[in-house]
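Peer 1: The primary structure of each chain is shown beneath.
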Amino acid sequence: MTETHMAPAPRRARKLKAVLAAGLVLGAGAAVTLAAWNDSEFARGTFTAGTFNLVGSIDGTTYTDHATAGSPAALAFTVNAATLSPGAVTAAPFAVELAANTTNPAVVTISSAATTGTVTNLTYELLQTTTFGCTASTTGTDLVPAGTALTTVPGSTTFPLTQGTGGAAGAPAFLCFKVTGGAGLAQGQTGTATWQFQAASQ
Amino acid sequence: MREGRPYRSRGVRALRLRAVLASGLVLGVGAAVTLASWTDREFATGSFQTSVFNTQSSVNGSAYADNSVSPGATVTIAGPFAPGVSSYFPVLIQTTANSVAGTAVLNGAVLGGTDAATLGAALVYRVVRTTATCNAAAFTGTPAFVVGAAATTRALTAGQETGVTNALAAATSTAPGAATGFCFEVTLPAGAPNTLQGKTTTATWQFVTTSN
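Chains A and B supply the protein sequences, listed in that same order.
For what it's worth, the numbering used here labels the leading residue of the first sequence as 1, then goes sequentially.
For what it's worth, the numbering used here labels the leading residue of the second sequence as 1, then goes sequentially.
In case anyone wonders, no lab produced these hints; they're calculated from the structure.
The structure presented is a predicted model; accordingly, all values stated were derived computationally and were not measured.
All C-beta atoms, glycine included, are put in the ideal place defined by N, C-alpha and C.
A couple of the hints might just be wrong.
Quick partial rundown of chain A residues pointing at chain B, CB under 8 angstroms, derived from the structure [to be verified]:
hint, residue
1, Glu-41
2, Phe-42
3, Arg-44
4, Thr-103
5, Thr-131
6, Phe-132
7, Asp-142
8, Ala-146
9, Gly-166
10, Ala-168
Stretches of chain B that chain A covers, calculated by requiring three or more beta carbons in the stretch to come under 8 angstroms of a beta carbon on chain A [what the hints assert, rightly or not]:
hint, stretch
11, 180 to 193
12, 196 to 209
With the rest of the complex left out, here is chain A (with noise of 0.2 angstroms):
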């Protein structure tokens, strides 16, 4: 009798001994486990921003920045445009280009810059043509009708251009301007128009 009521004792001594032994166990675990092992993995980026230069030419060969209004290229029009006349029309041509160290393409915009004197009864159009050279009789695509007064350009008058490959320069955009003289010209009427060619990488 003494010897079954004796035993419980024990036996819970060692379920309580077992119990702290699998604490300890479960407490080193934990350890483990926050103390994982490391790894790193590095990755390297180079990056570097293109370039972009737009060039414009008045002969179809030399092609040089004119980058402010201060300084523009002269168009040089077939007709003495010092002499116009009502309804005599002088044609000039222009050519736009992505230099050698322009890395992306380009959307051109063309927008009236500025004029100075009188100008009233000068209409033109703008055409892009296959080739340089441009006079009164000159095709192309029209990007500026015939018929608009030289101090407008339509909004959202643009074109393309791409970006040369293997150092060269990019594919040139030929341009012809045709001016108009109106009915109302008045004689000895001088005056200048000025038109920007902005260029935002694509």
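Following the hints, put chain B in place on chain A, whose structure we already have.
Peer 2: Just chain B now, kept in the frame of chain A:
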């Protein structure tokens, strides 16, 4: 009496001798029994081996390699940046054979190169977790963003977003674990100034991988 005494004493001595002999025999028997017993042994050996955790990475389709020292895998982004232009490149990370599973944490980049302060500071990026083709389409819909969000980009020096967990699958004894992919989108913002033209910078990202 005289005759009886020696006899008696002889008898006692004999008894004592017999008792001693008997006890000796008992001892002898005991020893013999011990010698003739079966013997056997049980040994318990605990074999303790640490687990293995190793990761490798592949950048922009290159072969997997341990890139555990900076700069690690390098990639030169093709196609120069212009305002509004984004470039994409994937980074794949896998556990090597025998490796246990883990997680990867993307830290912000360390900028380098001559124009780190200008171009490096201007560039922004986003990262989604995918092993599919890494291009603009990977960022549409509701991808698993690691850096940035649908309409949010971060500076190159920003690490992964809070709450992001990038699991790395365990490997088998013979094959690496399934790769976890990170698709990087690096963008020069549309309003970037012309002064950034022609500049070059580097960005080094660290993935800290930790075993489970």
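Peer 1: Could you run down the list of hints and mark each one as holding or not?
Peer 2: Each hint tested on the structure:
A distance limit of 8 angstroms between C-beta atoms decides the matter here; for Glu-41(A) the minimum to chain B is near 4 angstroms, and the interface restraint holds. Among the interface hints, the one on Phe-42(A) holds; its C-beta lies about 3 angstroms from the nearest C-beta in chain B, closer than the 8 angstroms criterion. Checking Arg-44(A) against chain B: minimum C-beta separation of about 4 angstroms stays under 8 angstroms; hint holds. Look at Thr-103(A): its Cβ gets to within about 4 angstroms of chain B, closer than 8 angstroms, so that hint holds up.
Checking Thr-131(A) against chain B: minimum C-beta separation of about 30 angstroms lies over 8 angstroms; hint violated. Look at Phe-132(A): its Cβ only gets to about 28 angstroms from chain B, farther than 8 angstroms, so that hint breaks. Because the beta carbon of Asp-142(A) sits about 29 angstroms from the nearest beta carbon in chain B, more than 8 angstroms, this interface hint is broken. Taking 8 angstroms as the C-beta cut-off, the interface hint given for Ala-146(A) is violated, the closest approach to chain B being about 35 angstroms.
The beta carbon of Gly-166(A) is not positioned within 8 angstroms of any beta carbon in chain B (closest approach about 15 angstroms), and the interface hint is therefore violated. Taking 8 angstroms as the C-beta contact cut-off toward chain B, the hint placing Ala-168(A) at the interface is violated, the least distance being around 16 angstroms. Evaluation of the coverage hint for the stretch 180 to 193 of chain B: fulfilled, as 4 residues show C-beta separations to chain A shorter than 8 angstroms, against a requirement of three. With 14 residues having a Cβ less than 8 angstroms from any Cβ of chain A, the stretch 196 to 209 of chain B passes the three-residue criterion, so the hint holds.
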